[in-house]
Amino acid sequence: MRTTSSRRKLVTGIVCGCALAGSVWAQGPGERRAALLRLVGEGAAAVPRLTAGLNDENVVVRRTAARLLARLGKEGREPLTQALTNSDSLVRLIALRALLGSHGQRMVPLLKTALGDENVVIRQAAVAALADREPQTAEVKALLETAAKDPVEAVRNIAAKALWPFHKEVTSVRDRKDWDHVIEVAKTIPLPEDGWRFKLDPARDGHLKKWYRPDFDDSAWERVRIGKSWEEQGHTYDGVAWYRRTFILPDKPPQLATELRFDAVDECAWVWVNGTYVGQHDVGPEGWDQPFTLDVTGALKWHGRNQVTVRVFDSKYAGGIWKPVRLEVLK
Amino acid sequence: MSSRKGLVLILVSSLPAFGAPAGRVQEEQPWQHKYVGKAATGPEVIALWAFDAGAEKQDVSGHGHVLRLRGEARFVEAGRFGGCLESFPADSKHDKPQGAEVQNAPALSPAGAFTLEAWVKAKPEMDNYRTVFVLDKKYYHYAKDLPQANHDYCFYLLRTGENRRRMVAYLGYGTDSAQYQSADFELKPGRWVHLAFTYDGAGTGRFFLNGKCVGKTVCEGRGAISPGSYNLVLGDRYGSTHCGFPGYLDQVRICRGVVPFFSGSMAIDLRPGPTAFVRGTRNARLVVVVSNDTGKRLTQGSVRLSFAGVTRKTPLPDLRPGAGRTLVVPVDTSWRAGTYSLHVAASAVVEGKRLEAARDIDVTLTPRPLPNQMPVVMWGTGDIPRLKEIGFTHHLVHAVDYAKVWAAGRPTDAGSTGQLQQWGKMLDELLVNGLHAAVYLRPGPWVASRPDLKKKYQRIDRAGKPYDKNNICATFPEIQRFGYNTGASVARSFGKFAALDASLIHSEVRDGTNLCFHPHDRKAFRLFAGYGIPDRVVGKHGVRYTTIAGFPGNRVVPDDDPVLTFYRWFWKTGDGWNDLHTRVSDGLKSTGRKDLWTWFDPAVRVPSVWGSGGRVDVISQWTYSYPDPIKVGQAADELFAMAAGAPGQQVMKMTQVIWYRNQTAPKSKDPKVKQAQWEKDLPDARFITIAPDHLREAFWEEVSRPVRGIMYHGWGSLVQASSGSYRYTNPKTKGALAELIRTVVRPLGPTFLQVADPPGDVAVLESFASQVFAGRGTWGWSGNWEADTHLILQWAHLQPKIIYDETILRDGLGGCRVLVLPDCDVLTKRVVARIAEFQNKGGLLVADENLCPALTADILLPAYKRTGKAREDKAALQQRAAALRRELDDFYQRHVDASNPDLVVRCRRFRDADYVFVLNDKRTYGDYVGQHRLVMEKGLPNEGTVSVRRPRGFAYDLVAHREVPVHGKGAFVVWETKLGPGEGRVYLVVDRPLARVRIRTPKTALLGRDAVVRVEVSDSGGRLVPAVVPVEVTITDAQGRPAEGSGYYGARDGAVTIPLALAPNDLPGRWTVRAVELASGKAAAARVVVRKP
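Chains as they are written, first to last, in the numbering used here: chain Y, 1 to 331; chain V, 10001 to 11093.
Don't take each hint at face value.
Listed next, the in silico SDA-like pairs over lysine to any residue satisfying Cα-Cα at most 25 Å (straight line) [said to hold, decoys possible]: (1) V:K10865 - Y:V120; (2) Y:K301 - Y:S172; (3) Y:K316 - V:K10869; (4) V:K10540 - Y:G239; (5) Y:K141 - V:K10865.
Keep in mind that the hints were calculated from the coordinates and are not lab data.
Using the sequences and the accompanying hints, generate a full structural model.
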């Protein structure tokens, strides 16, 4: 709560600030901005004049005022709170960022308001702040779900990533530093390149519809091949898409472990085997031509039917499972 | 030899490349006769085919290597010694094997030294075929990594010009093969000649034409050939139907050992070395070798060297067969430019008979180059007449045998004797024509092209698996040595050839580089950083921060972040390429050649971190001009940003003459799209010619910056030529380029090269941290939002310079008023601190919505994603430019301005003089490619005003050479400009008007002595103009002939001093010096009386 003393200072400052503003507005915007910059170092005493600067007719001057207020920390909090409704979006953004750093749990209402801002940069800043929140409370989650429906993809992407529930640390058996064994591939079982079911997921909600479940009915999905991009099969598309396929495995061979090896997926992949999430390859666009393996030892059914689901995300150029996939039985 | 007596003004016709027709052949040689007796059936003869009637197929040696005819080949009577084998070429009409075949036999693969020989007579149609085989037992006459491809031998003739050939032998050694080549020689149809190749079994191969040695190749470390399993074929290639010999073969013989061949005369040869010199070259000389090629001892010999009627006679010692006498002939290069003749006559006695031989050798002296000439490089290989016609100064040549240098393991001759002769002749020919050569050296890619070497040196991924794309790990010490040896071998072989004064090193190798995980790579990084390569590093483009858990919310990373540190190391030194360029460059300069400059391109197809190109002298970059040609300036500014990290390094810029068809005029099935004529004529064209108005704009974007030179690639699209997929679809482009070179580069280049850029107060940050962590960066393609930001600034009449993170950390932001931050998502802590400090001191930040949250922009420049529709995109970007202008105008004062955004302005300065460049970017869709709506290629006229901030001034149009009326408007000097499509102008603005040109000369000058001419340009105050003023100087001798020193200059501080080195054979009398300053056109003349001393 503000003290009487500080309130007095503020009132006095605003009066002085307005008077000053009246005089400096006779100057050009360059001079007015320079005048504000000269206030650096004056601390709280500068607040009234900076606050007045928030209403300068020139937006660059206003932004300068907001930025300098943000540098003041808690002294600038009050005028910055008012600045959240400033007509200039950059002023609002500066204010939002400054206030986020000092509001703690109370920031959620701020972010809720910001998520409704007409300016996408502010919405992006808000959703990024929400995504960074730990723990992800129900309130935060609800806001993220709102943001996941934002008309702008950049905002949706941040929300969707924050809400994504699947993750598993992945280390190939071959890379485990605690295993002092010579590991060899005893057997290779290629997965068929044809007969895959495929569906685009522009809304990125396939996981909410449980498309990874083994009993999900994918019979209406398009048939495609792996080993070539989805663009080569008629889909000029960047975004999320899903691949599903069943395959039969023989009797269980002697093994140390079994890994599912993808020679390359363009560009990110999340994988389920028989409904069990087994891991991801998610290193961004650089991953488009990188091979990766996932330990599926515990998820496979030997001597029986198995189902694999791969969710793929591609941000640009070609996308999809464009190289072969196989099981490698390790000894 | 006295220099004053050295040369004579006699022009003679050109001579064969290697050796000369010797004097009369007086000593009969065995090869001139039909082989009989021991020559036919002796123990050294492996096989001999004489094709004589009744025994046409028989092996005369008696070893049973019987012939079987193939295709239409036949035995005929018109042989050199009776019958012969007639063979044929293969083409669509003769698509079958030709020649005659012999069953494989072990004896046909000699274990050590051996000799191949044949008499051959070409048919007229031979000149239509590039490669014709005399003998083949190898099948693969090119490098091939197959077990069966590297055995035995083949011997063929390669076309090198009209009725000109080179002998080539390609020998297989089991795992690889090596090539041996002769010099070029004339092979006229209808004439029998004797060809032979001898191999010593230890890497030395020699070629003989009519008994005379015409080339020697040494492949160090080689031994005997490896025996193969293919049959032997005479007159065609073994397994192909397209290398048949269109002619006749007679007396084909294969022997064990090296058979001695002699021409039967004395040979007068020139050692490899230049025969064309720039006037004033020190220690110029020819090395003449007179040798005994008779097979018998020569006695009582002498040599006469004649110049200008003065003859010097030198005795020859007695010479045993094959021995020679070397004579060093100094060349007096003080003589007037021209072609002179050296006459060499040799005389000796052999077995009591006098034998004589003579040869005339052309020596050409070329004028000394004028200072500050701007290179115009054809990045590719053209032909001399058209290179000259267009105005190029350089083109690319290839002049090194990498396999030879690799095998030597040290600097060596860059090629075989024949190759050295051939390449030397080419270089001399360029110099004589006023052209220069840039040797293209690429030892790194050559290693990758050799399967056996690639296995060891190819880059490998984390799992140790070689990458698919060829790119070697350049950090191997032996690769670095090879780089140096390659450069040094070229320097050693061609360092005396004045024409070769430039070198392109390793073009386009960084595109294919990748992370590499050899033990030495890992160790090198650990040594550098103190820790291993971070696990999350998987590709060369960086790691997206969105994939890094716990990445700072304000997107500020420590300057020594391990991932950032790794990529900084990788792109600077880690992949080895920059150091390898340096090594090649160092090798090229190892003989002390001062005027040779080296370059690397495309140098900014890398992230924004200093070091690209290593320590080459010049970095360059090519740019496709579509959709907006002013992007060429953006790429040029990236080069300047890169070169800022290597003090002294200069920048050149290249415009691609080719356009990708699919990006400018893709095949369309839309009937509404009216096809251009070229689309109907060349429906499958993949690369087409740049539109002339784009070329003009690109040119002005380049020369408005302080580039050291300009380049063009795409000879096959610039002129009518057979250059693969490059098509000549716009004949106007060539003329546009020629005109620009003639009217701008030549007259104004010497001025441009002396005028610098001002420091600049608008900067664009290309953030390396954002490239590493957010996948940003133009990577030299000038095609994304970051590049478009630069275009916006140009259209807003700002003059942006590009800076890197490193620039900020080294130089700060002092002097900068506006900092533009496109796609700067992630920044380092120190960079953020410097920028914040800059902003707090009043600097303005212009940024898009992606800016690192630790900073806030003063002005928002929203990112724009192009639609691909050229007009809409340009309009949208120009709208942003207009908005930016409006917001900036309250805070920023620009130095130069124009009245409409399509007048793009740029200013350079020399003292108080402004050089204001203006180019016309007003364009619309034309009917060349515009019908596809991807490129507005048609320029439109444009007019408006140009202004420069200065209290007063007088403006001169340096292209039109006239003064331009100006008026004052506030703080500006303003004038009107009117430009045609794609046109540009440069205006010189000075405080006082130019008033006078004055020439200072001595009244008299002496032949053979130096004199000095000084041209001065003064202003109305009588002082020398404090600017660089373009001046044209014409010096004519007493007969009105142009003399050396004539040409274009940039008169620095209003004056230029021209050394007049009068030749001893110049004409005495009244010489005239005329000078015109090219700003207002004022002129002056003076006379000098030239006398004999």
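**Message:** Does K10865 (chain V) sit within 25 Å of K141 (chain Y), going by the straight-line distance between their CA atoms?
**Reply:** Distance of about 31 Å is beyond 25 Å: violated.
**Prompt:** Has the given pair, K316 (chain Y) with K10869 (chain V), been kept, meaning a C-alpha gap of at most 25 Å?
**Reply:** Cα-Cα ~20 Å, so holds.
**Prompt:** CA of K10540 (chain V) to CA of G239 (chain Y), is that 25 Å or under?
**Reply:** holds (23 Å)
**Item:** Distance restraint between K301 (chain Y) and S172 (chain Y), which requires alpha-carbon spacing of 25 Å or less
**Value:** holds (20 Å)
**Holds or violated: K10865 (chain V) to V120 (chain Y), with C-alpha atoms at most 25 Å apart** = Roughly 15 Å between the alpha carbons, so the hint for K10865 (chain V) and V120 (chain Y) holds.
Against the hints set out earlier in the document, a violation occurs for number 5 only.
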